[in-house]
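Protein chains in written order, with the working numbering: chain Z, -16 to 140; chain Y, 50 to 379.
Don't read these hints as lab results, they were simulated from the structure. Everything numeric in this text was worked out from a predicted model, so none of it was measured. Here a beta-carbon is modelled for each residue, glycine too, at the ideal position from N, C-alpha and C. Take these hints with a grain of salt, some might be off.
The list that follows gives simulated cross-link-like pairs (lysine to any residue, SDA-like), each with its CA atoms no further than 20 Å apart [unchecked claim]:
| # | chain 1 | residue 1 | chain 2 | residue 2 |
| --- | --- | --- | --- | --- |
| 1 | Y | K321 | Y | A231 |
| 2 | Y | K288 | Y | A231 |
| 3 | Z | K106 | Y | A191 |
| 4 | Y | K321 | Y | P163 |
| 5 | Z | K106 | Y | S235 |
| 6 | Z | K106 | Y | L69 |
| 7 | Y | K288 | Y | V211 |
| 8 | Z | K106 | Y | A231 |
| 9 | Z | K106 | Y | P163 |
| 10 | Y | K84 | Z | A50 |
| 11 | Y | K84 | Z | Q73 |
| 12 | Y | K321 | Y | L227 |
| 13 | Z | K106 | Y | G248 |
| 14 | Z | K106 | Y | E226 |
| 15 | Y | K84 | Z | T105 |
| 16 | Z | K106 | Y | L74 |
| 17 | Z | K106 | Y | Q246 |
| 18 | Y | K84 | Z | L36 |
| 19 | Y | K84 | Z | R49 |
| 20 | Y | K288 | Y | D266 |
Here are the in silico distance ranges between beta carbons for each label pair [claimed, not checked]:
| # | chain 1 | residue 1 | chain 2 | residue 2 | range |
| --- | --- | --- | --- | --- | --- |
| 21 | Y | A261 | Z | T103 | 41 to 49 Å |
| 22 | Y | R148 | Z | Y10 | 32 to 40 Å |
| 23 | Z | G(-4) | Y | D293 | 31 to 39 Å |
| 24 | Y | P323 | Z | L(-7) | 33 to 41 Å |
| 25 | Y | V59 | Z | G(-14) | 20 to 28 Å |
| 26 | Z | Q73 | Y | D293 | 49 to 57 Å |
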Amino acid sequence: MIGFARGLALFFGAMFLQWWWNTHFAYWGAAPQFLLALTILIAARRGPVLGMLAGFGWGLYLDVARAELFGASALILTLAAYVAGVVRRQIDLRAMGPLAATTFLFTWAGFLAQGLLGLTFTKSFESPGWMSLLLTPFLNALVVTAASVIWDPRGDR
Amino acid sequence: MQRETRIANVVLGALAALSLLLLSLPLSTPVRSFKAGVGYLLDPLAYHGEAGYRRVADSPERIRRLLQADMENDQLRAELRRGEWVKTTVEALSLENERLRRALVLKSPSSRSPAWAHVMERDPIHWYRSLVVDAGGDRGVALGDPVLGPRDGQLVAVGRVVDVRPMTSTVLLLTDELSAAAAYLSSGTLEGLVQGQDGPRLRMNYLNAESALSAGDSVYTSPTSATFPPDVLIGRVAKVNPRDQFLTFQSVEIDPAADASSLQELMILRAKAPEGEPKPPVYVPVIPPVVVPVSVSSHTAAVEISTSTARPRRRAMAAVAISTAAGGKP
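With the rest of the complex left out, here is chain Z (with noise of 0.2 Å):
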């Protein structure tokens, strides 16, 4: 029970964080996308199943902030939360260095995969911007390090 309502509580929490940091903290169309960086650490840590039913909930939140292209983050993050999952099998996913560079190239893999989703269904790529190319994967690999230390302050990964 305790378990429920800290995962409902990790759940809200990570979208209000993610809207506050938009709205309030974003210089030069630049901020960390906590909700891919909290996917990918949840699949590292709670396995794929639970990364992806998290990942599709907060990519609906992403998406209906939206004009178009509604479901193209819900994927991306499902897809992010079954890969790492996948990969914590060969990579050592507990280790904060792996975690960070495995974040890393998610973003920009996400960002090529919103780039086609948009090329796909509404024949325009979707370019985050150079600010954000550059930018987002070192931000997001922050956050991930910094919340795979907050996870479990005890050790036990």
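Assemble chain Y onto chain Z, guided by the hints.
Here is chain Y on its own, set in the frame of chain Z:
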């Protein structure tokens, strides 16, 4: 481990199929209903979050204003007593203005009902595409309503409403590549189509190929615009693109007057205010009156008049005969 993989594959298949279905049929009724349902569930997070944030952030300012308001209250009470006379005069002038308009068969300005809204949410990945505001169907906002924003004391074009939910709406910015608005250049009568480019600048196409264009010109919404009221500032010409001999028109780059990154409050021009809402004043673009004498004779003077309600490019030339009792100085 194999069981987990099997479950993961099934969940991935189901969620991916659902996502692709949402992407493929964005205009179908079930998908629109699903989107509205998700918005209904998740929008309050940002809506109440923004309200709470503002309450906390504004607290010191509110306390300062409360103290100031008490001092101003006494002062304003005294002024209010003096203002009764001004109010009576304004009402009389307003009635006279309406009567004269009817006599001259002049059309009244558009009677759209403005509603102010806060920018509630913006996504850095789609910075120049869309944003979410905290006014929705409950405040009479409808699809296609034009959205303006304040800039240096005047209202400028921002975009249009493309999605309405009970308490929030999504605004498609002019800078989105799916946006377009008919517009004209202030230096002449040249009309064109302003289009978004998914970047900080706009592009104005279909300008006469033979016309001389220059940077710095203001761009206003055209009376032919299907969305915006006429004569609302869109931006200024930043660059005239080199002529392409294969095209029959010229194009220019425009710096939009509305800066997507600094918008905090927006004005939505609703077709109709919800019942019970007090009627706000009619929106009219504010343009200072200009009176330029062009010729003077002993008994008559021709003046060029541009009033606050006249179009900036359509200055009415009026010859006003000013009779003087003595035939001397008017």
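Hints and how they fare:
At most 20 Å may separate the alpha-carbon atoms for a hinted pair to count; K321/Y and A231/Y exceed this at roughly 23 Å. For the hint linking K288/Y to A231/Y, the alpha-carbon distance of about 19 Å falls within 20 Å, and the restraint holds. For the suggested pair K106/Z and A191/Y, the alpha carbons sit about 27 Å apart, so the restraint of at most 20 Å is broken. Taken as a hint, the K321/Y and P163/Y pair is honoured in the structure, with Cα atoms around 9 Å apart against an allowance of 20 Å.
Restraint check for K106/Z and S235/Y: the C-alpha separation of about 34 Å exceeds 20 Å, so the hint is violated. Between K106/Z and L69/Y the alpha-carbon distance is near 16 Å, which keeps this suggested pair within the 20 Å criterion. Proximity of K288/Y to V211/Y is assessed by CA-CA distance (about 30 Å); at most 20 Å being required, the pair is judged violated. Annotation: proposed proximity of K106/Z to A231/Y is violated, straight-line Cα distance about 24 Å (limit 20 Å).
Distance restraint check for K106/Z and P163/Y: the Cα-Cα separation of roughly 35 Å exceeds the 20 Å cut-off, and the hinted pair is therefore not satisfied. The suggested pairing of K84/Y with A50/Z holds, with an alpha-carbon distance near 11 Å, which does not exceed 20 Å. Taking the CA atoms of K84/Y and Q73/Z, the gap is near 37 Å; set against the 20 Å cutoff, the hint is violated. Our distance criterion of 20 Å between C-alpha atoms is broken by K321/Y and L227/Y, whose separation comes to about 26 Å.
The suggested pairing of K106/Z with G248/Y holds, with an alpha-carbon distance near 17 Å, which does not exceed 20 Å. Taken as a hint, the K106/Z and E226/Y pair is honoured in the structure, with Cα atoms around 11 Å apart against an allowance of 20 Å. With a C-alpha separation of about 18 Å, the suggested pairing of K84/Y with T105/Z holds against the 20 Å cut-off. The hinted pair formed by K106/Z and L74/Y meets the criterion: a straight-line CA distance of about 15 Å does not exceed 20 Å.
Proposed proximity of K106/Z and Q246/Y is supported: the alpha carbons are some 14 Å apart, at most 20 Å. For the given pair, K84/Y sits about 17 Å from L36/Z by alpha-carbon distance, which is consistent with the 20 Å threshold. Distance check on the hinted pair: K84/Y and R49/Z sit about 11 Å apart at the alpha-carbon level, within 20 Å; holds. This hinted pair checks out: K288/Y and D266/Y have alpha carbons roughly 10 Å apart, not beyond 20 Å.
Checking the proposed 41 to 49 Å range against A261/Y and T103/Z shows it holds: the Cβ atoms sit about 43 Å from each other. A C-beta distance of roughly 54 Å is found between R148/Y and Y10/Z, which places it outside the suggested range of 32 to 40 Å. Between G(-4)/Z and D293/Y the CB atoms are about 53 Å apart, so this pair departs from the stated range of 31 to 39 Å. Our hint of 33 to 41 Å for P323/Y and L(-7)/Z holds, since their Cβ atoms are close to 38 Å apart.
Roughly 23 Å separates the CB atoms of V59/Y and G(-14)/Z, a value that falls within the hinted 20 to 28 Å. At about 53 Å, the beta-carbon gap between Q73/Z and D293/Y stays in the expected band of 49 to 57 Å.
Consistency with the previously given hints fails for numbers 1, 3, 5, 7, 8, 9, 11, 12, 22 and 23, ordered from lowest to highest.
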